[in-house]
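Following the hints, complete the assembly by docking chain B onto the known chain A.
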Amino acid sequence: GALVYQYPRRTICKSGTSMRMECQAVGFQATSVAWYRQSPQKTFELIALSTVNSAIKYEQNFTQEKFPISHPNLSFSSMTVLNAYLEDRGLYLCGASTGGQEQYFGPGTRLTVL
Amino acid sequence: QQQVRQSSQSLTVWEGETAILNCSYENSAFDYFPWYQQFPGEGPALLIAIRSVSDKKEDGRFTIFFNKREKNLSLHIKDSQPGDSATYFCAASAAGGYKVVFGSGTRLLVSP
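Sequence lines, in order, name chains A and B.
The numbers in the numbering used here rise by one with no breaks, and the one at position 94 of the first sequence is 94.
The numbers in the numbering used here rise by one with no breaks, and the one at position 109 of the second sequence is 1109.
Just chain B, with the same shape it has in the complex:
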């Protein structure tokens, strides 16, 4: 059973549009949700994260919207740039634990 699910394997947007990447989870004990950005040949880089006590976290062009009741969250990338083209992983962990559970990733392509 996949605990963290990313429904879209890939997403293509035009430069300047807002890319929306969706994620859902199963385990109610998860309370920390990081998003990682991975470029080919590199390791995943922590992009932005949210805790379950919040419903929104913003950092520059990146915003996480979190719905605890529905157990889903989304990453919005405003004014998408070709340099944002990468694979984005939604992840989750529970308080007091170091185990991070990853989704299967969404490959984002931003076309100029």
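Same shape as in the complex, but just chain A:
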């Protein structure tokens, strides 16, 4: 079956520092990877959508300068949160698709900023 792993599961960083999170698809080819942030209130914000052989598309309020993403192959993607501040805390989710509209999620990386 389709599995998506994310690591680390939890991370704490000091305000103003950066942290990198990774996403790995197992059992299928992740043609596209979407990164979301889920707030403590449970709402989902799409950060960016990365599709192989296409430019990464960032949503309004999110930029490559703040959330650089790498999607080097069909099984792996990473995203860095640069200069993290309190408003960046939340659960960062990676949703991977294999070309259809079904999107499979990893368990998320919970970011706490001190």
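Worth double-checking, as some hints may not be accurate.
To be verified - Short, incomplete list of chain A residues facing chain B, as computed with Cβ under 10 Å:
hint, residue
1, Gln6
2, Arg9
3, Leu46
4, Leu49
5, Lys57
6, Gly95
7, Ser97
8, Gly100
9, Gly106
10, Gly108
Unchecked claim - Below, computed lysine-lysine pairings styled on DSSO-like, alpha-carbon distance capped at 27 Å:
hint, chain 1, residue 1, chain 2, residue 2
11, B, Lys1099, B, Lys1056
12, A, Lys42, B, Lys1071
13, B, Lys1057, B, Lys1078
14, B, Lys1099, B, Lys1068
15, B, Lys1056, B, Lys1071
16, A, Lys42, B, Lys1099
17, B, Lys1078, A, Lys42
18, B, Lys1056, B, Lys1068
19, A, Lys42, A, Lys66
20, A, Lys42, A, Lys57
21, A, Lys66, A, Lys14
22, A, Lys66, B, Lys1099
23, B, Lys1078, B, Lys1056
24, A, Lys14, A, Lys42
25, B, Lys1099, A, Lys57
What the hints assert, rightly or not - Negatives, chain B to chain A, calculated, CB over 12 Å:
hint, residue
26, Val1013
27, Tyr1025
28, Lys1068
29, Glu1070
30, Asp1079
For the record, the hints were derived by calculation from the structure and aren't laboratory data.
All C-beta atoms in this analysis are idealised placements derived from N, C-alpha and C, irrespective of residue type, glycine included.
Structure of chain B alone, referenced to chain A:
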């Protein structure tokens, strides 16, 4: 403007009852509607999905009823179990796109 709306933030049912979670959407271009189940501390898991060409999709105890004209759908959970207690997200996407738009979720509590 919220494109996918879940009217109930929370719902409580007794064990054995049918839980009904409602969802509506704005964008007529949406043609794929997944429901995700999320337990605390975990990511959302794809539970069941329907395409707009269908009006019903059933998978075990879970059934989606879809009304394209009214732009709404509902997830029915038959014979609810305490283990079904979770937050359920209705979502939608348009053909040819990978962007999934989520509702705000309905927290379901099944009381024994």
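To see whether the hints hold, each was checked on the structure:
For Gln6 of chain A, the shortest C-beta to C-beta distance to chain B is roughly 7 Å, which falls under 10 Å, so the interface hint holds. Hint on Arg9 of chain A holds. Least Cβ distance to chain B is approximately 9 Å, under the 10 Å limit. At about 6 Å, the closest approach between the beta carbon of Leu46 of chain A and any beta carbon in chain B falls short of 10 Å, and the interface hint on this residue holds. A cut of 10 Å between beta carbons decides the hint on Leu49 of chain A: the least distance to chain B is about 6 Å, and the hint holds.
Satisfaction of the interface hint for Lys57 of chain A is found here, the shortest Cβ-Cβ separation to chain B being roughly 9 Å, below the 10 Å cut-off. Because the beta carbon of Gly95 of chain A sits about 7 Å from the nearest beta carbon in chain B, less than 10 Å, this interface hint is met. With 10 Å as the threshold, the beta carbon of Ser97 of chain A comes within range of chain B, its nearest partner Cβ sitting at about 5 Å, so the hint holds. The interface hint given for Gly100 of chain A holds, since its Cβ lies 9 Å from the closest Cβ of chain B, which is under the 10 Å cut-off.
The interface hint given for Gly106 of chain A is met, as the beta carbon of that residue sits about 5 Å from the closest beta carbon of chain B, less than 10 Å. Residue-level restraint check for Gly108 of chain A holds (minimum Cβ-Cβ distance to chain B is 5 Å; threshold 10 Å). In summary, the hint linking Lys1099 of chain B to Lys1056 of chain B is supported, as the alpha carbons are separated by about 23 Å, within the 27 Å threshold. Distance hint between Lys42 of chain A and Lys1071 of chain B is fulfilled; the C-alpha atoms sit about 23 Å from each other, no more than 27 Å.
The straight-line distance between the Cα atoms of Lys1057 of chain B and Lys1078 of chain B is roughly 13 Å, inside the 27 Å bound, and the hint therefore holds. Between Lys1099 of chain B and Lys1068 of chain B the CA atoms are separated by roughly 20 Å; this keeps the pair inside 27 Å, and the hint holds. Pair hint Lys1056 of chain B plus Lys1071 of chain B holds up; C-alpha atoms about 14 Å apart against a cutoff of 27 Å. The straight-line distance between the Cα atoms of Lys42 of chain A and Lys1099 of chain B is roughly 18 Å, inside the 27 Å bound, and the hint therefore holds.
At most 27 Å may separate the alpha-carbon atoms for a hinted pair to count; Lys1078 of chain B and Lys42 of chain A meet this at roughly 25 Å. A C-alpha spacing of about 11 Å is found between Lys1056 of chain B and Lys1068 of chain B, which places the hinted pair at or below 27 Å, so the restraint holds. The hinted pair formed by Lys42 of chain A and Lys66 of chain A meets the criterion: a straight-line CA distance of about 22 Å does not exceed 27 Å. With a CA separation close to 23 Å, the supplied pair Lys42 of chain A and Lys57 of chain A stays within the 27 Å bound.
About 16 Å separates the Cα atoms of Lys66 of chain A and Lys14 of chain A, which keeps this hinted pair within 27 Å; it holds. Among the hinted pairs, Lys66 of chain A with Lys1099 of chain B is consistent with the structure: their alpha-carbon atoms are about 20 Å apart, no more than 27 Å. In summary, the hint linking Lys1078 of chain B to Lys1056 of chain B is supported, as the alpha carbons are separated by about 15 Å, within the 27 Å threshold. For the hint linking Lys14 of chain A to Lys42 of chain A, the alpha-carbon distance of about 23 Å falls within 27 Å, and the restraint holds.
The suggested pairing of Lys1099 of chain B with Lys57 of chain A holds, with an alpha-carbon distance near 10 Å, which does not exceed 27 Å. With a minimum CB-CB distance of about 20 Å to chain A, Val1013 of chain B clears the 12 Å threshold, and the non-interface call stands. Listed as a non-interface residue, Tyr1025 of chain B keeps its Cβ farther than 12 Å from every Cβ of chain A; the least gap is roughly 14 Å. Every C-beta of chain A lies more than 12 Å from that of Lys1068 of chain B, the closest at about 16 Å, which supports listing it as non-interface.
The beta carbon of Glu1070 of chain B sits about 22 Å from the closest Cβ of chain A, which is more than 12 Å, so the claim that it is off the interface holds. For Asp1079 of chain B, the shortest C-beta to C-beta distance to chain A comes to about 25 Å, beyond the 12 Å cut-off, and the non-interface label holds.
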